[in-house]
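A.B. asks: Sequence:
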Amino acid sequence: MANYKIHPSSVVSPDVEIGDDVEIGPYCLIQGKVKIGKGTIVEGHVTLGSRYGILDIGANNHFCPGAVIGGAPQDISYKNEPTSLIIGNNNMFREFTTVNLATSKGDKKTEIGDNGYFMAYTHVGHDCKLGNNVILANNTHLGGHCEIADGVFVGGMSALNQFTKVGKMAFIAGSSIVNKDIIPFCRAQGTYATIRATNKIGLARKGYPREEVTNVHKAIRIIIMGSHTVEEGIKRIQEECTMSPNIEYFINFIRSSKRGIAVDRSPKGWQEDEQ
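The sequence shown begins at 4 in the working numbering and counts up one residue at a time.
Please note that the accuracy of each hint is not assured.
[As the list claims (entries may be wrong)] Label pairs and their in silico Cβ distance ranges:
no.	residue 1	residue 2	range
1	Leu32	Gln77	11 to 21 Å
2	Asp18	Gly47	48 to 58 Å
3	Ile204	Leu32	39 to 49 Å
4	Ser178	Asp18	37 to 47 Å
5	Pro17	Ile204	44 to 54 Å
6	Glu251	Lys82	38 to 48 Å
7	Glu84	Glu214	46 to 56 Å
[Claimed, not checked] Restricting the straight-line Cα-Cα distance to at most 30 Å, the calculated cross-link-like pairs of lysine-lysine (DSSO-like) are:
no.	residue 1	residue 2
8	Lys221	Lys111
9	Lys82	Lys8
10	Lys171	Lys221
Because the hints were derived from the structure by calculation, they are not lab data. Quantities reported herein were computed from a predicted structural model and do not represent experimental measurements. Cβ atoms here follow ideal geometry from the backbone N, Cα and C, with glycine treated the same way.
Throw the hints in and build the complete structure from the sequences for me.
C.D. replies: Next comes the structure, spelled out in structure tokens:
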């Protein structure tokens, strides 16, 4: 028999699956096909799930007051299809965070990885795919179908257009508007956001060797600076950089971009000595 606590003022549907050591605080509404992993804390006034979708929550997550997780997608084409939201382990969802179910337009899944931190009033739209160790600062909003790779930090008051992609270990400064893809390992900023520098500090903090940071920095410079085409830049990277898993990932990310990468090749677009 599962060992969990539910405040008597909360409403929990009979088909909700609750793991061991889960705590559900006062005035919560948990409805529909919801699975809550062990050790998860649901504070007061939290809404989990919906009448039609599927919400699968991993272990040791924390939902703060006012969070609405697994609600219907904000898409007028949605007709109550049984789509899903899948959340990994050890995530923090601060006050009034919203994360939506998917639509039926893709694989019918909105996905969040492990160890994420979603600050107050952040929004993750339908069909988004978020990796591990993602941080969204206050009032950051992701449109539908965004893809955010591992280790990305997005500063507060930022917004990402639907279908935009952000490569791993990228840093997006606060109050940025993103309408094109942000390449891995970079720092981006602005309205509209463009790549400004290599995320050297972030890479160093995550234990990337100095020589690999220099290698990645060289690749970013090649892509961002000069008047060459993207394919010409990739060819230069292959010739001038040490090929490594990070460089291969970097090249594949650029080649797979559908919206185009956020490049400003003017002299003011690159901050050579900012770190």
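A.B. asks: Next step is simple, just say for each hint if it's right about the structure.
C.D. replies: Do the hints match the structure? See the list:
1. Leu32 <-> Gln77: 11 to 21 Å: 19 Å, holds
2. Asp18 <-> Gly47: 48 to 58 Å: Check failed, 22 Å falls outside 48 to 58 Å.
3. Ile204 <-> Leu32: 39 to 49 Å: Check passed, 42 Å falls within 39 to 49 Å.
4. Ser178 <-> Asp18: 37 to 47 Å: 42 Å, holds
5. Pro17 <-> Ile204: 44 to 54 Å: 50 Å, holds
6. Glu251 <-> Lys82: 38 to 48 Å: For Glu251 and Lys82 the Cβ distance comes to about 41 Å; the hint holds.
7. Glu84 <-> Glu214: 46 to 56 Å: 49 Å, holds
8. Lys221 <-> Lys111: 39 Å, violated
9. Lys82 <-> Lys8: Answer violated: Lys82 to Lys8 is near 34 Å, above 30 Å.
10. Lys171 <-> Lys221: 17 Å, holds
Consistency with the previously given hints fails for numbers 2, 8, 9, ordered from lowest to highest.
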